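Heads up: the sequence lines are chains A and B, in that order. Residue numbers in the first sequence follow my numbering, run continuously in steps of one, and reach 190 at the last position. Residue numbers in the second sequence follow my numbering, run continuously in steps of one, and reach 1164 at the last position.
Among the hints, erroneous ones may be present.
Away from chain A, derived, C-beta distances all over 12 Å, residues of chain B [stated by the list, open to error]:
hint, residue
1, L1030
2, G1031
3, P1034
4, V1050
5, P1052
6, L1059
7, D1064
8, L1067
9, G1103
10, P1109
11, A1132
12, E1142
Calculated pairs, DMTMM-like style, for lysine to aspartate or glutamate (alpha carbon to alpha carbon, straight line, at most 20 Å) [unchecked claim]:
hint, chain 1, residue 1, chain 2, residue 2
13, B, K1004, A, D163
14, A, K60, A, D45
15, B, K1004, A, E175
Facing chain A, according to a computed beta carbon distance under 10 Å, are these residues of chain B, among others [claimed, not checked]:
hint, residue
16, E1042
17, I1047
18, L1049
19, S1073
20, I1104
21, K1140
The hints are simulated quantities; they were obtained by calculation from the structure and are not laboratory data. None of the values given here were measured: they were computed from a predicted structure. Virtual Cβ for every residue (Gly too), placed ideally from N, Cα, C.
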Amino acid sequence: MDEKELIQRSQAGDGGAFGILVERYKGKVFSLAYGFTRDRVAADDLAQEVFIKAYYSLPKFKGMSGFGTWLYRIAVNHAKDFLRKNRHRLREVSIQDVGEPALTAPNASPEENRVEEGRRTVIREALARLPEKYRVILTLRDIDGLSYEDIRGILKLTPGTVDSRLHRARRKLREKLAGRLGRQGGEYGL
Amino acid sequence: MDCKKTERSLLLSLDGRLSPDESAWLQSHLGRCPSCRRKDEEYRTIIRLVRPQTVPEPLPFFKDRFLARLRESQQSAPSFVWVKWAHRAVAISLAAFLLFGAGILLFQPQEPRELSRTERFLLQDENPLGEAASILDQKKAEDRNMMLIFASAGDSEVSRRYRP
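Throw the hints in and build the complete structure from the sequences for me.
Structural data, given as C-alpha cells:
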C-alpha cells in the first residue's frame, strides 16, 4: 500500500493504517528524539508522543510538504517542549552516560575510551547550553545528519538562513568549548 | 590574509559545499596559516564527537505500545472533546456579552436636551416679536386684550398685559 493511501485511510480514522506509517517512520523519529535527549527511554517516550500528536493532527495535513517532513516538524516542536520541561533531568542523565559501553570504540584501550567519552560528554554539555535555535539546527544537521533541504522544510527557513544559523551555531559551540576546556585545564583537549 | 573569510569557507567545507576552486584556495591557505589549520581541526573533531557512534533501537514492541496508547487516548477523547467545546462555548459567550455591552454603551439613545431660548428662537422659529406683532395687528382692543391674556396664561413668570 502506498503512503498516500495510508495517509488517507489514517485520516478517515483507520488506526491500523497509521500503525503501518508508524512502523515505517519509527526509526527516523526515534533517532531524532535520541539526538535531542541522548536517553533511550526518554527518546522512546518522546517518539510515541510524537506519533500520537501526529495522528490527531492528521486532518490538518494537506500534503503541502512530504509526510516525513511534516512528521519531523511535529517531532522537532515536541522535542523543544520536552527539552524545556526536562532541562535539569536531562543534564543529570547526560553526565551519568559517561562510559556507556555502546558509545565507545571497539578496538580502543580503556584509557583511550575514557578520554574519548570524556570529550563527548564535554561537547554534549556545551551543546546543551547553547540557545535553543542553535541546538536544534546542530542536532538536525550534525547529530541526525539531515540534508540542508530537509532542515529547510522542517524549520521553514530560507536556504540563506539555514546556512548562516548553522555556521553561527558551530562557531558558538566551538567558542563555548574553548572556554570550558580552558577552565578544566584541557584534560580533554581537542 | 583574511582569516575571517577563511572561517566561512572552512564551515562550508565541513558539509562539502565548496567548489573545487574554493576548496583549492582553502587548502593553500590552511597550508600557510597554522591558526586556521587548528580551527579546521577543532571543527572537524567537534562534528565527529558530537554525533553518537551508535543510535540504539526504539524499545521493543514500539508499534503495539503505540496502538495501545492510541486506543487509550481515544477512549478518553469524548470527554476531552466535550471539555474543548465547553471552553469554546464559554469564550464565545463572553465575547458576545462584551460586544453587546460595548454596543449599548456606544449606541444608547441620548436624552432630548432642553433648548436654550436663543436655540428655540433660531431652530424652532419661536420669534416672540412675531407673536407680539400679530397681537398688535388686531384692530379691536378687546381682541388684543383677550389674545394677551391667553398668550400669558401658560407663562407664570412674565406679565405681558397690554395697556393702551
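Hints and how they fare:
1. Distance check for L1030 of chain B against chain A: the nearest CB is about 16 Å away, which clears 12 Å, and the non-interface claim stands.
2. With a closest Cβ-Cβ approach of about 21 Å to chain A, G1031 of chain B is found to remain outside the 12 Å limit, as its non-interface label requires.
3. Every beta carbon of chain A lies more than 12 Å from that of P1034 of chain B, the smallest distance being close to 16 Å; the non-interface claim holds.
4. Against the 12 Å criterion, V1050 of chain B falls within the reach of chain A, whose nearest CB is about 5 Å from its own CB.
5. Consistency note on P1052 of chain B: stated as away from chain A, yet its beta-carbon is not over 12 Å from all of that chain's, at 6 Å minimum.
6. Distance check on L1059 of chain B: its Cβ comes as close as 4 Å (rounded) to a Cβ of chain A, failing to clear the 12 Å threshold; non-interface status is violated.
7. A cut-off of 12 Å between C-beta atoms contradicts the statement that D1064 of chain B is not in contact with chain A; the least separation is 9 Å.
8. Residue placement check: L1067 of chain B does not keep its beta carbon more than 12 Å from all beta carbons of chain A (closest about 6 Å).
9. Chain A leaves G1103 of chain B outside its interface by the beta-carbon criterion, the shortest separation being 35 Å against a cut-off of 12 Å.
10. Listed as outside the interface, P1109 of chain B is consistent with that label: its C-beta sits roughly 47 Å from the nearest C-beta of chain A, beyond the 12 Å cut-off.
11. With a cut of 12 Å on Cβ distances, A1132 of chain B stays outside the contact zone with chain A, its closest approach being about 83 Å.
12. Against the 12 Å criterion, E1142 of chain B stays outside the reach of chain A, whose nearest CB is about 95 Å from its own CB.
13. For the proposed pair K1004 of chain B and D163 of chain A, the alpha carbon gap of about 16 Å is at most 20 Å, so the pair holds.
14. Annotation: proposed proximity of K60 of chain A to D45 of chain A is violated, straight-line Cα distance about 24 Å (limit 20 Å).
15. Between K1004 of chain B and E175 of chain A the CA atoms are separated by roughly 15 Å; this keeps the pair inside 20 Å, and the hint holds.
16. For E1042 of chain B, the shortest C-beta to C-beta distance to chain A is roughly 5 Å, which falls under 10 Å, so the interface hint holds.
17. Given hint, I1047 of chain B at the interface with chain A, holds; its Cβ is 5 Å from that chain's nearest Cβ, closer than 10 Å.
18. Restraint check, L1049 of chain B versus chain A: the minimum CB separation of about 5 Å is within 10 Å; hint holds.
19. The interface hint given for S1073 of chain B holds, since its Cβ lies 6 Å from the closest Cβ of chain A, which is under the 10 Å cut-off.
20. Here the hint on I1104 of chain B is broken, as its CB sits about 39 Å from the closest CB of chain A, past 10 Å.
21. Annotation: K1140 of chain B was flagged as interfacial toward chain A, and the flag is violated, the nearest CB pair being 95 Å apart, outside 10 Å.
Of the numbered hints given earlier, the model fails hints 4, 5, 6, 7, 8, 14, 20 and 21; all others are met.
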